[in-house]
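Trainee: Sequence:
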Amino acid sequence: MSNETALHPVHAELGAKFTDFGGWDMPLKYGKELEEHRAVREAVGLFDLSHMGEVRVTGPDAAAFLDHALISRISAVKVGKAKYSMICREDGGIIDDLITYVLAPEEYLVVPNAGNAPAVFAALTERVGDFNVTLVDQTADISLIAVQGPKAADVMLQIVDEVTDAPEASGAHSDDNSVDAAVAGLGYYAAFQGTVAGVPAIIARTGYTGEDGFEIFVDNDATGVPSEAPAKIWAAALAAGEQYGVLPCGLAARDTLRLEAGMPLYGNELSLDLTPVDAGLGILAATKSKDKFVGREAIIAAKEQGTTQIRIGLAGEGKRAARGGYEIRDADGNRIGEVTSGALSPTLGHPVAMGYVTTEAASEGGSATEGSTVIVDIRGKDFPYTVIALPFYSREK
62 MSNETALHPV HAELGAKFTD FGGWDMPLKY GKELEEHRAV REAVGLFDLS HMGEVRVTGP
122 DAAAFLDHAL ISRISAVKVG KAKYSMICRE DGGIIDDLIT YVLAPEEYLV VPNAGNAPAV
182 FAALTERVGD FNVTLVDQTA DISLIAVQGP KAADVMLQIV DEVTDAPEAS GAHSDDNSVD
242 AAVAGLGYYA AFQGTVAGVP AIIARTGYTG EDGFEIFVDN DATGVPSEAP AKIWAAALAA
302 GEQYGVLPCG LAARDTLRLE AGMPLYGNEL SLDLTPVDAG LGILAATKSK DKFVGREAII
362 AAKEQGTTQI RIGLAGEGKR AARGGYEIRD ADGNRIGEVT SGALSPTLGH PVAMGYVTTE
422 AASEGGSATE GSTVIVDIRG KDFPYTVIAL PFYSREK
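62 is the number of the first residue of the sequence shown in the working numbering; add one for each residue after it.
Don't take each hint at face value.
Unchecked claim - Computed cross-link-like contacts, BS3-like style, restricted to lysine-lysine with a CA-CA straight-line distance of at most 30 Å:
| no. | residue 1 | residue 2 |
| --- | --- | --- |
| 1 | Lys144 | Lys364 |
| 2 | Lys139 | Lys364 |
| 3 | Lys442 | Lys93 |
| 4 | Lys353 | Lys93 |
| 5 | Lys380 | Lys364 |
| 6 | Lys139 | Lys380 |
| 7 | Lys351 | Lys139 |
| 8 | Lys293 | Lys78 |
| 9 | Lys144 | Lys351 |
| 10 | Lys442 | Lys380 |
| 11 | Lys142 | Lys442 |
| 12 | Lys364 | Lys349 |
| 13 | Lys364 | Lys353 |
| 14 | Lys142 | Lys380 |
| 15 | Lys380 | Lys144 |
To be verified - For each label pair, taking beta carbons as the anchor points, the in silico distance ranges come out as:
| no. | residue 1 | residue 2 | range |
| --- | --- | --- | --- |
| 16 | Asp237 | Gly410 | 44 to 52 Å |
| 17 | Ser235 | Glu388 | 51 to 59 Å |
| 18 | Glu187 | Glu378 | 15 to 23 Å |
| 19 | Gly385 | Arg456 | 19 to 27 Å |
| 20 | Asp237 | Ala183 | 17 to 25 Å |
| 21 | Glu96 | Glu74 | 17 to 25 Å |
| 22 | Asp81 | Ser239 | 22 to 30 Å |
| 23 | Lys349 | Arg456 | 29 to 37 Å |
| 24 | Asp81 | Gly379 | 28 to 36 Å |
| 25 | Ile449 | Thr225 | 19 to 27 Å |
| 26 | Lys353 | Thr186 | 28 to 36 Å |
| 27 | Lys442 | Glu223 | 57 to 65 Å |
| 28 | Glu289 | Val197 | 17 to 25 Å |
It is worth saying that the hints were derived from the structure and are not from the lab. Keep in mind it's a predicted model, so treat the numbers as computed, not measured. We put the beta carbon where it would ideally sit given N, CA and C, even for glycine.
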């Protein structure tokens, strides 16, 4: 049986169509996914992301431990900031991609993907060794609500009541703890602590849509009444966003939004069979001589020796979208790779896809270099796609 988030009854009242994702019964859509997608691109959308994992890491060795357990130098991240990183096996295979928030000098919040949260917690636990740290899996205790879109900041200005802790590095700091200054000044991949709709919360400027946005972490029992806290924040955000045309949004819209933004999805573009270098994300790895993390040697080898495959972007014409698993061929009909994600882009009006092709094909003189035309087999018919740089869509800043 699938897990349910604290907001599940709220989604049911809104008429959500549910689907299992990572072991959670999550809203796929509430009405028309195209309208939800456009709400985020043009105004503001509201997502329940409470299926995501939360692992709190505390202790004198917390920073050093995360430097060892993850592939990035987390100790270099200032309090009030966050870092996108990965946790890998010794062979460089990606266990998960995740975000780590620095809440205090000895306190970190690691946020893995829903389906991978148990594996990430297990891997972190195995890597504790002699580090003086404490790990607490808070996945079941915390709700995560995302407010995404060009009007996201306008909504947050109305629902954030108080700033209780805004580290200087976050950009949200002001001498008078002004809410306006905190929301407006909060940097990308930064966070502060305050109250939202009267509820204590962590407010971060992060997202998975390619738009400006905020993510709100709240303890489900923050008010003393189970599940009341996230419901209050959700209701407040819907009310504040009504003037902008806010819509509750499901996983279907989230997927097309992240695809347009060229963001990888674990299980599609990322897996145990791929390294960060394969995914074009080798830059995340801290590989100087003093950096000693799990998977370091394999990732360095992949950087130095090259990989056998590489992630690319594809743009098509018409309305027939390539889907994950579809074959990519060169002009002569030779198989050179496979699509990992694809959809008809609501924003661009034509099909887009990501996939992996051989390094040889993507190298200079190959059949899948930027600007080249490749063939995607869509249910037995050949469709031309142009290789283009990611992302497909970038917001105006």
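Trainee: Now look at each hint and say whether the structure bears it out.
Mentor: Hints versus structure:
For the hint linking lysine 144 to lysine 364, the alpha-carbon distance of about 21 Å falls within 30 Å, and the restraint holds. Proposed proximity of lysine 139 and lysine 364 is supported: the alpha carbons are some 27 Å apart, at most 30 Å. Between lysine 442 and lysine 93 the CA atoms are separated by roughly 29 Å; this keeps the pair inside 30 Å, and the hint holds. With a CA separation close to 48 Å, the supplied pair lysine 353 and lysine 93 exceeds the 30 Å bound.
Pair hint lysine 380 plus lysine 364 does not hold up; C-alpha atoms about 37 Å apart against a cutoff of 30 Å. A hinted pair counts as satisfied when its Cα atoms are at most 30 Å apart, and lysine 139 with lysine 380 does not qualify at roughly 46 Å. Restraint check: the Cα-Cα separation between lysine 351 and lysine 139 comes to about 19 Å, which is no more than 30 Å; the hinted pair holds. Distance hint between lysine 293 and lysine 78 is fulfilled; the C-alpha atoms sit about 22 Å from each other, no more than 30 Å.
The straight-line distance between the Cα atoms of lysine 144 and lysine 351 is roughly 19 Å, inside the 30 Å bound, and the hint therefore holds. With a C-alpha separation of about 14 Å, the suggested pairing of lysine 442 with lysine 380 holds against the 30 Å cut-off. Restraint check for lysine 142 and lysine 442: the C-alpha separation of about 48 Å exceeds 30 Å, so the hint is violated. A C-alpha spacing of about 13 Å is found between lysine 364 and lysine 349, which places the hinted pair at or below 30 Å, so the restraint holds.
A distance of roughly 16 Å separates the Cα atoms of lysine 364 and lysine 353; the hinted pair therefore holds under the 30 Å criterion. With a C-alpha separation of about 41 Å, the suggested pairing of lysine 142 with lysine 380 is violated against the 30 Å cut-off. For the hint linking lysine 380 to lysine 144, the alpha-carbon distance of about 37 Å lies beyond 30 Å, and the restraint is violated. For the pair aspartate 237 and glycine 410, the beta carbons lie near 47 Å from each other, so the given range of 44 to 52 Å is met.
In this structure the supplied range 51 to 59 Å holds for serine 235 paired with glutamate 388, their Cβ-Cβ distance being about 55 Å. Checked against the given bound of 15 to 23 Å, the beta carbons of glutamate 187 and glutamate 378, roughly 48 Å apart, lie outside it. Hint check: glycine 385 to arginine 456, Cβ distance near 25 Å, so the stated range 19 to 27 Å holds. Here the CB-CB span from aspartate 237 to alanine 183 is close to 45 Å, at odds with the stated 17 to 25 Å.
In this structure the hint that glutamate 96 and glutamate 74 lie 17 to 25 Å apart at CB holds, the actual value being about 19 Å. Separated by about 43 Å at the C-beta atoms, aspartate 81 and serine 239 break the suggested range of 22 to 30 Å. Restraint check, lysine 349 to arginine 456: a C-beta distance of roughly 33 Å satisfies the suggested window 29 to 37 Å. Distance hint check for aspartate 81 and glycine 379: the Cβ-Cβ separation is about 32 Å, which falls inside the suggested range of 28 to 36 Å.
Judged by the Cβ atoms, the range 19 to 27 Å given for isoleucine 449 and threonine 225 is violated: they are separated by roughly 45 Å. Hint check: lysine 353 to threonine 186, Cβ distance near 19 Å, so the stated range 28 to 36 Å is violated. Checked against the hint of 57 to 65 Å, the C-beta distance between lysine 442 and glutamate 223 comes to roughly 58 Å, which is consistent with it. Checked against the hint of 17 to 25 Å, the C-beta distance between glutamate 289 and valine 197 comes to roughly 22 Å, which is consistent with it.
Violated hints, in rising order: 4, 5, 6, 11, 14, 15, 18, 20, 22, 25, 26; the structure is consistent with all others.
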